[in-house]
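Asks: Chain by chain, the residues run as shown.
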Amino acid sequence: MKTKFNQFLFSNQAIYPLVVFRILFGLTTFISTLRFLLLGWVNLHFVNSKVQFKYYGFEWVTTLPEPVMLIIHIIMLLASLGILFGAFYRISAALFFVCFTYCELIDITYYLNHYYFVSLVAFLLCLVPANRFYSIDVWLKPQLSQKTVSAWCMYIFKFQLIIVYFFAGIAKINYDWLINALPLKIWLPANDNLSVIGAWLKYDISAYVFSWAGMIFDISVGYFLLNKKTRLWAWFAIIIFHVLTGIMFQIGVFPLVMIASTIIFFDTTTHQKIIKILRLVFTIKPKSFVYSSNPKPAFFKHGLSTSLIAVFIVIWVSFQLLFPLRFLLYNGNMFWTEQGYRFGWRVMLMEKAGTATFYVTDSATNREGVVDNAVFLNPHQEKQMAMQPDLILQYAQFLKKHYTNIGFNVTKVRAEVFVTLNAKPSQLLINSNLNLLELTDSWKNKNWILSFEKN
Amino acid sequence: MLIPISTMQKKIAIVSFVIAIVFSSCGENEKKDSDLVKFDRGEMLLNYANNLILPAYNNTLENINDLGTSITKFELNPTEPNLLEVQLLWKKAILSWQHANGFNFGPASEQGVQKSLQEEIATFPVNTLLLGNFLLANDTSFNNFNRDTRGFFAIEYLVFDSVSPSQVVNIFKTTPNRFNYLKACFNHLQKRVSTVVNGWSTYKESFIANNGTDIGSSTSYLYNEFLKNFESLKNYKFGIPLGLRPGQTATLPQNVEAYYSGYGTALAKEHWISLAAIWEGKGLNGMDGIGFKEYLEKVEGGPNLVVLTKQQIINTETAFSLLPNKKFSDAITADFNLVNNVHTELQKTTRFYKSDLSSLIGIAVTYSSGDGD
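As given, the protein sequences belong to chains A and B, one line each in that order.
Residue numbering for the first sequence follows our numbering, starting at 20 and increasing by one per position.
Residue numbering for the second sequence follows our numbering, starting at 362 and increasing by one per position.
Be aware that one or more of the hints could be misleading.
[Said to hold, decoys possible] Distance condition first, Cα-Cα at most 27 Å in a straight line; then the derived DSS-like pairs of lysine-lysine: (1) K371/A / K671/B; (2) K371/A / K709/B; (3) K659/B / K709/B; (4) K419/A / K589/B; (5) K659/B / K371/A; (6) K473/A / K709/B; (7) K221/A / K565/B.
To be clear, the hints were calculated from the coordinates, so they are not data collected in a lab.
Turn these sequences into a full structure, and let the hints steer you where they fit.
Replies: As structure tokens, this is what we get:
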């Protein structure tokens with residue numbers, strides 16, 4: 020059993036898929052970081068905001084002054100190139116992982132599943148020797164070159180990709196998505212001005228077709244990618260699916276990330292061909308091209324024992340399988356309470372929006388003031404905060420701190436929060452008289468969230 | 362759609378397609394959904410442009426021009442009747458502006474150092490101290506960012522000044538600089554508004570053509586500015602003067618809109634009427650065209666929201682109708698509860714105009730990326 024498992028993880032396989040994956044990932048993150056800089060989002064997300072909403076357990080992560088934030092993004096650009104060209108690879112991958120994850124941890128209102136995915140992949144890239152072929156590192160040190168690598172180095176990325184699609188698909192198996200075709204019934208007609216497909220999007224039937232096709236696609240695409248016969252078709256379906264959603268929805272670089280990453284599923288010969296084509300554009304020829312005569316698996320060279328790697332993989336896989344399912348431990352409708360919602364590959368799954376009005380009581384005068392959120396939050400932050408219970412608590416704490424700092428004795432912060440979910444009439448998310456200062460966020464059930472009434 | 366290849370995949374695709382058709386036809390039978398989604402945003406934008414936006418701006422500009430004529434007349438002949446005419450025409454102009462101030466985008470949006478039209482010409486309260494300094498120095502250059510020393514309300518301060526008309530006439534007669542400053546304010550106001558009116562003659566076409574719902578589309582501009590405009594009525598015309606912000610310990614009657622003329626109540630009412638008209642798509646001439654209301658009638662969950670919103674509009678109108686017929690600053694002190702009731706009703710309106718409306722129609726409110734699929 021153990022030997023079989025070891026064989027599965029540690030058998031030697033050609034390094035090409037990992038090399039292509041490295042190149043495409045570096046290219047995607049380079050484009051993504053450049054886009055972020057050009058859109059002026061460094062300022063919008065990290066410099067101009069007066070409040071940052073924190074991740075539970077990462078409250079200590081704060082934003083740094085504008086020049087530092089810019090430098091961090093420039094480091095990310097360089098690190099992306101480092102990954103792409105396999106130059107100072109480990110340091111590049113580690114730098115990218117640290118900088119990117121740091122930026123993501125600054126403000127949870129910008130949380131996106133694909134940012135989480137990029138963080139995970141960047142972390143995994145730190146562990147694998149993706150620079151051992153067709154790279155600057157090999158050009159500098161030809162003895163590093165190797166043509167094979169342990170199988171787990173590729174499997175772990177394939178696993179991660181399948182997890183993304185599969186959980187996204189499972190999440191779509193719910194009443195609103197399948198039976199009411201919601202939220203697509205809202206989102207598709209909003210795109211009826213698109214050329215060619217636009218005219219079709221007005222019809223309810225389109226929402227049903229997209230809902231069901233999307234669910235089936237997400238659940239099955241992993242299987243079809245693994246299967247050699249169906250692989251190419253599955254990848255074409257991925258292109259169509261992501262390009263279509265990319266046109267219709269404001270989802271940034273996500274389509275690009277997924278289309279590029281899933282290429283790893285193709286076989287060795289395909290990747291060899293890709294590298295051959297790349298060589299036409301960009302040749303790296305070591306002065307003395309020597310492959311190490313007896314290519315040892317990478318982990319030996321790095322002093323990592325096979326059992327340590329095996330343990331790591333078991334932990335990683337278990338976490339990825341179980342963590343998205345933690346919502347099962349919570350009460351209530353997950354879409355409504357959002358308990359266990361994040362880090363679960365629940366993407367474009369619901370149309371939700373809220374209006375949250377906060378009231379602050381000063382004990383000196385016993386006056387209750389109503390807060391103008393626009394004074395403290397940008398529209399994006401307000402939109403996210405107004406429907407997520409843990410962020411509502413954070414904002415209440417911020418208000419307390421803010422008004423205490425300017426000399427008031429804040430004894431109570433309460434909020435009237437009306438939320439609409441999938442076009443249902445808006446209803447109260449929490450009791451409007453609740454003193455939010457008496458509550459603290461935790462992993463425990465948030466019993467103070469009102470239950471969701473259908474109609 | 363999937364591209365079916367293997368038989369198994371084909372089967373799955375066919376089965377899902379059949380199921381989808383079955384379910385969607387069920388839906389149609391129940392709610393006549395087939396009628397629900399046919400909405401032409403282009404037609405809606407055309408209605409907004411032709412029947413609301415352009416008439417409102419043109420009307421404002423015409424009234425501003427009339428105000429200019431009366432100011433010239435008053436300068437030539439500074440008498441009480443001529444001042445009263447200036448005051449009357451100022452009121453007419455600022456009332457018509459209430460119907461245009463919701464369209465603070467496109468040609469009216471911020472450009473370089475120039476702020477949006479709303480900020481450039483309708484900032485209040487007036488900084489009378491600073492204005493007094495400029496006046497004393499006969500500085501009419503406006504080479505500064507003190508938007509609270511010009512625009513509609515600087516003119517109001519100059520021609521009303523909280524004193525009797527005969528006193529105002531006397532002040533003008535004894536301080537000739539005041540005429541200079543008044544004319545400068547008028548010229549600035551007239552120039553800003555006519556620039557926007559001219560801008561619309563070319564912008565109109567792209568406004569109607571840009572008929573998506575993403576950020577940067579006309580519908581999203583229209584909606585987001587509508588919402589901002591509603592918030593500014595609630596927060597700046599009621600919330601702050603009423604002393605409702607956390608940290609405020611008393612009312613701030615001198616912070617009301619149009620403090621010197623005392624027309625705050627009339628302006629707020631007109632502003633509210635204009636906001637309701639934008640929601641309904643009702644033109645300046647009273648004709649009800651295609652607007653957000655009609656859009657909602659065609660989308661999932663929309664008809665229900667229309668009913669709720671209409672009821673809330675009626676409730677708010679009732680609260681407005683109970684406002685006492687006196688200076689707004691006096692009403693805030695003497696009839697706090699009546700004014701506060703309007704704020705409460707506006708507060709209740711917020712979710713109908715804000716998250717409920719944008720969520721159902723699917724309008725983008727931020728530039729940031731959403732979660733991809």
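Asks: Now tell me if each hint is right for this structure.
Replies: Outcome of the hint check:
Of the supplied pair hints, the one linking K371/A and K671/B holds, its CA atoms being roughly 22 Å apart against a limit of 27 Å. Proposed proximity of K371/A and K709/B is supported: the alpha carbons are some 19 Å apart, at most 27 Å. Distance hint between K659/B and K709/B is fulfilled; the C-alpha atoms sit about 24 Å from each other, no more than 27 Å. Distance check on the hinted pair: K419/A and K589/B sit about 26 Å apart at the alpha-carbon level, within 27 Å; holds.
Among the hinted pairs, K659/B with K371/A is consistent with the structure: their alpha-carbon atoms are about 19 Å apart, no more than 27 Å. Taken as a hint, the K473/A and K709/B pair is honoured in the structure, with Cα atoms around 22 Å apart against an allowance of 27 Å. Distance check on the hinted pair: K221/A and K565/B sit about 26 Å apart at the alpha-carbon level, within 27 Å; holds.
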